[in-house]
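A.B. asks: Single-letter residue listing:
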Amino acid sequence: MADPATAPRDLPAELSLARLALRNRSVYWGGLLLCIIVVVAIVGPYFTAEPSALNPTNRLKPPGPNGVFGTDMLGRDLFSRVINGARVSLVVGLAVAVIAVSIGLFLGLIAGYIRVMDALIMRVMDGLMSIPAILLAIALISLSGATLTTVVIAIVIPEIPRVVRLVRAVVLTVREEPYVEAAISVGTRVPTIMARHVLPNTIAPLIVQATYICGSAMLTEAILGFLGAGIPPEIPSWGNIMSEGRTFFQLTPWIIFFPGLALAATVLAVNIVGDGLRDTLDPRIARNMR
Amino acid sequence: MSVLEIENLSVSLPKGADRKFAIEDITLSVGRGEIVCVVGESGSGKSVTAFSVMGLADRRALTPVAGEIRLEGENLLEASDAHLRSLRGEKMAMIFQEPMTALNPVLRVGDQIAEMLEIHETLSASERRARVIAAMQDVRLPDPEKMYGSYPHQLSGGQRQRIMIAMALVLEPVLLIADEPTTALDVTTQAQILKLIKDIQTRKGMGVLFITHDFGVVAEIADRVAVMQNGRIVEQGEAGAVLGAPSHPYTQMLIGAVPSMTPPERQPATGKIALETRGLGKTYGSPGLFGTGRTVHAAQAVNLTVRRGETLGIVGESGSGKSTVARCVMRLIDPTSGEILINDENIATMREGRLRAHRRDIQIVFQDPYRSLNPRRTVGQSIVEGPMNFGIGRDEARGRAEELMRVVGLAPDALERFPHQFSGGQRQRICIARALAMEPVILIADEAVSALDVSVQAQVLDLLDDVRKRFDLAMLFITHDLRVAAQICDRIMVMNQGEVVESGPTAAVYANPQQDYTKALLAAAPGHHARFA
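Each protein sequence line maps, in turn, to chains H and P. Once you know that position 21 of the first sequence is 52 in the working numbering, the rest is easy, because the numbers rise by one and skip nothing. Once you know that position 91 of the second sequence is 406 in the working numbering, the rest is easy, because the numbers rise by one and skip nothing.
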C-alpha cells in the first residue's frame with residue numbers, strides 16, 4: 032500500500048501556500064503580533080518624540096507623566112527610544128535571514144549536487160561554524176568600526192553553515208528520487224535539474240529556517256549592543272538601551288524592562304510563526320499534531 | 316469451535332475519504348488449527364480488518380460502527396484498553412510486513428522477545444532467557460544462544476521475520492494475525508517463512524488470519540480464503556474451491572490476472588542488436604590504501620545482448636545486481652569495468668557531454684509510480700521535458716505527448732493534470748509515455764510492475780508488450796517476480812550475488828533449469844505447482 036505521506040496529495044494546497052499557512056493558529060496569531068510590531072516600527076517614529084533629545088531635568092523618571100515608559104539617565108524619552116529601536120532589530124533580523132538563506136542556498140545546492148565540491152564546501156562550513164558570532168563581531172568591529180553592516184555580516188557568517196547543511200540534506204535526498212533520475216535519463220542538463228526539480232523542494236524548509244535565523248539574529252544583535260560591541264550607541268537599538276540602563280538597573284529597572292519586553296515579544300512572534308510554518312509545511316509533523 | 320469470529324463488522328472512515336466505510340458488514344471466522352487468508356488489492360480493507368481485531372486501529376479515524384469481533388467468545392469491541400492490552404500477546408499476536416521497522420533497532424533481539432514475558436508473566440531472569448531460547452529454537456533460528464544478543468541490523472530479512480514470529484508466539488496465543496508477512500522478503504526466504512508458519516500452526520493448533528495480496532501465497536498456505544473488494548467480502552470458501560472455481564466475477568478477474576508460471580512458446584528474435592554489454596562490472600568501495608578496505612561486487616562480468624523487438628528478462632533476488640546492471644546501462648551510475656555498446660559505440664566511459672546524445676536511445680521506467688514523476692509539475696510538463704531538451708519545439712512535443720497519451724490508454728487532457736490525481740497504474744502509464752516521447756531504441760523496465768496490484772499489473776504488462784511490438788523496441792525487463800518474467804520475456808538471465816548464473820530462452824530455462832540456484836528459485840515461487848482457474 033502506498034504510504035500517504037509520500038503521496039503528494041496536499042500539493043494543490045501548496046500552490047496557495049500563504050492561505051494554507053494562515054489556517055494554522057500559530058501562524059495566524061504570531062503573524063498578527065509580528066505585523067503589529069512591523070507597523071509600529073515603520074510608522075511609530077513619525078509620531079514619537081526625537082529619541083536622542085536630551086532633557087537633563089527629567090532624568091531617570093519612572094513611567095508616568097514624563098513619558099509612558101519613563102526616561103533614562105540623560106532624560107531621553109524611553110518610549111520613543113524603544114519604538115525607534117524596533118527598526119534596528121527588524122532590519123538586522125530580516126537582513127541576516129535573507130543574506131544567510133541566499134548564500135546558504137547557493138552553496139548548499141552545489142555541495143549537495145556536485146560531489147567534488149561537497150567535501151570542500153562542507154569543511155569550510157565546519158570551520159565557519161566553529162566561530163562564535165559574538166567574538167567574530169567584536170573582532171570585525173574593532174577592525175572596521177561599528178556600523179549596521181558590520182554587525183549584520185558578523186551575525187550572517189556563523190548562520191550560513193546551518194542553511195548549507197539543511198539545503199544539502201534536502202538535495203541529497205531529492206537527487207536520489209526517481210524523478211530526478213528520470214530527468215537525467217531524458218538528457219536534462221544539471222542547472223535545469225537543479226532549478227526545476229531540486230530547488231522547489233528546499234523552499235518549505237528554508238522558509239522555516241529563515242524565521243529561526245531571524246529570531247536568533249535579533250537576539251544576537253541585542254547581545255552585541257548590550258556588550259557594547261554592536262550598533263553605535265547614538266542609534267537607539269534595544270541592546271544599546273539595555274546596555275546603558277545596566278548601571279541603573281536596581282534603581283530604575285524600567286530602562287531595561289521595556290526594551291527587553293519588546294525584544295522578547297518580537298522574537299517570540301517570529302518563533303511562533305516559524306513553528307506554525309513548520310507544522311503546516313511538513314506534513315509528517317502536521318499529521319501528528321492534529 | 317472458532318477462535319475468532321467477526322460478525323457483521325463495519326468500520327467507518329473519517330469524513331472526506333473516498334468511501335464511507337473502510338470495511339462494511341463483513342463476517343469471517345477463524346477456527347482452531349485453521350489458516351484463513353484474506354486476500355485483496357490495496358485499499359480493499361484487509362489490513363483494517365487485521366488492525367481492528369488487534370485493537371490497533373486508530374479509533375478516532377477508523378470507528379467500528381456495527382457488528383462484533385469475538386475472540387474465544389469475548390467481544391473485543393467492548394473490552395477496556397487495559398484488558399485488550401493483556402489479550403494482545405497472550406491470546407492474539409500479530410506479525411507485520413517489514414520486520415526491520417517492526418523491531419526496535421537499538422535493542423537486542425533476545426531482549427525484545429523477553430519483553431513479552433516481562434510484561435505478561437512473572438518469571439525469573441534465567442527462566443525468561445530459557446523460554447526465549449526455546450522460542451527461537453521453535454522458529455529454527457541457528458544458534459539461538461548467540462543470536463540472543465544480536466541487534467536487528469545484524470540479521471537477514473528472513474531471520475528478522477523469524478524473530479518477529481518468535482516474539483508473537485512466545486506466549487502461545489490462540490490467534491496469530493499475519494499482515495503480509497512475506498511481501499518484503501525474497502522468494503526463497505518467503506518459501507521458508509511460509510513453511511515455518513504452517514508447521515508451527517499445525518504443531519500448536521492455533522488459528523491464523525493471514526493477510527496477503529498474492530494468490531501464489533494463498534495457494535501455498537490457506538485452508539480457507541476470503542476475497543475482499545472495497546471493504547466487502549465478495550467471496551469466501553475453501554481454498555481449493557475458491558482458487559479452482561471462483562464464483563464471483565471479481566475473484567475470477569483477480570485469479571485470471573495472476574500470470575502463469577508456464578511461459579508461452581516464443582519465436583527467437585532476429586532484429587538488429589540494440590544493446591550489448593561485455594564484461595560489465597560495478598564495484599562499490601575501494602580496496603583501501605593497505606588493501607584492507609571493504610569492496611562489494613554489485614555486478615561482475617555481465618555479458619548480455621538485446622535485439623530490437625526482443626525482451627530480455629533479468630531475474631534475481633534483492634542484492635543480486637539486477638538493478639545495478641540497469642542503472643549502469645542507463646549510466647545513472649558509472650560502471651567500474653566492461654563495455655556498454657549502443658549503436659556500436661561504447662558508452663560505458665563516455666563523458667556526460669557526449670553521452671547526452673545517446674540518452675535519447677535508451678529510456679527507463681522505474682518501480683515506484685509515486686516517486687518517478689515530479690509532484691510539482693503537470694504530466695504534460697514531465698513528458699515534453701525530454702524532447703524539448705533535444706531541440707524539439709513546445710508545440711510539436713505537445714502534439715506528440717497527446718498522441719502518446721492515447722497510445723498508453725489515457726485521455727489527452729491528462730496532460731494538464733498533476734501526478735497525484737492519478738492512480739499507481741495510470742502513473743506507470745505516464746512514465747511509459749515519458750520514456751516513449753524520446754523515441755528510444757531500448758526501454759528498460761526496472762521492476763516497473765512490482766508495486767502494482769495484480770489486475771493493474773496485467774494491464775501495464777500488456778501495454779509494455781504492446782509498445783515493444785509497435786515501436787520495435789529492445790526491452791530489458793528487470794524483475795524479481797518469476798511469474799511476470801515468464802509471461803513477458805523472450806529470453807531470461809538469472810542473477811545471484813552480482814553474477815549471471817544462467818541465461819537462455821525463457822521456456823527452456825523454466826522447463827529445464829540447469830543450475831541449482833535457478834532450480835531453487837523456481838521451486839520457491841509461491842503456488843508454483845498450483846493451477847489457477
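Keep in mind the hints are simulated off the structure, nothing from the lab. No residue lacks a Cβ here, since even glycine has one placed at the ideal position from N, Cα and C. Honestly, I wouldn't trust all of these hints.
[To be verified] Taking CB as the label site, the calculated pair distances span:
| id | chain 1 | residue 1 | chain 2 | residue 2 | range |
| --- | --- | --- | --- | --- | --- |
| 1 | P | LEU647 | H | ASP157 | 28 to 34 Å |
| 2 | P | TYR599 | H | ALA295 | 34 to 40 Å |
| 3 | H | LEU159 | P | THR498 | 55 to 61 Å |
| 4 | P | ARG455 | H | LEU159 | 51 to 57 Å |
| 5 | P | GLN469 | H | LEU159 | 35 to 41 Å |
| 6 | P | PRO329 | H | ALA226 | 36 to 42 Å |
| 7 | P | PRO420 | H | ASP157 | 23 to 29 Å |
| 8 | H | ALA226 | P | GLN829 | 47 to 53 Å |
| 9 | H | ASP157 | P | SER357 | 32 to 38 Å |
| 10 | H | ASP149 | P | ARG669 | 53 to 59 Å |
| 11 | P | ASP649 | H | ASP157 | 52 to 58 Å |
| 12 | P | LEU647 | H | MET160 | 29 to 35 Å |
| 13 | P | GLU389 | H | LEU53 | 57 to 63 Å |
A.B. asks: All hints, please: hold or fail.
C.D. replies: Structure-based check of each hint:
no.	hint	in the structure
1	P:LEU647 to H:ASP157: 28 to 34 Å	holds, 30 Å
2	P:TYR599 to H:ALA295: 34 to 40 Å	violated, 53 Å
3	H:LEU159 to P:THR498: 55 to 61 Å	violated, 47 Å
4	P:ARG455 to H:LEU159: 51 to 57 Å	holds, 55 Å
5	P:GLN469 to H:LEU159: 35 to 41 Å	holds, 39 Å
6	P:PRO329 to H:ALA226: 36 to 42 Å	holds, 38 Å
7	P:PRO420 to H:ASP157: 23 to 29 Å	holds, 28 Å
8	H:ALA226 to P:GLN829: 47 to 53 Å	holds, 52 Å
9	H:ASP157 to P:SER357: 32 to 38 Å	violated, 45 Å
10	H:ASP149 to P:ARG669: 53 to 59 Å	violated, 25 Å
11	P:ASP649 to H:ASP157: 52 to 58 Å	violated, 28 Å
12	P:LEU647 to H:MET160: 29 to 35 Å	holds, 33 Å
13	P:GLU389 to H:LEU53: 57 to 63 Å	violated, 49 Å
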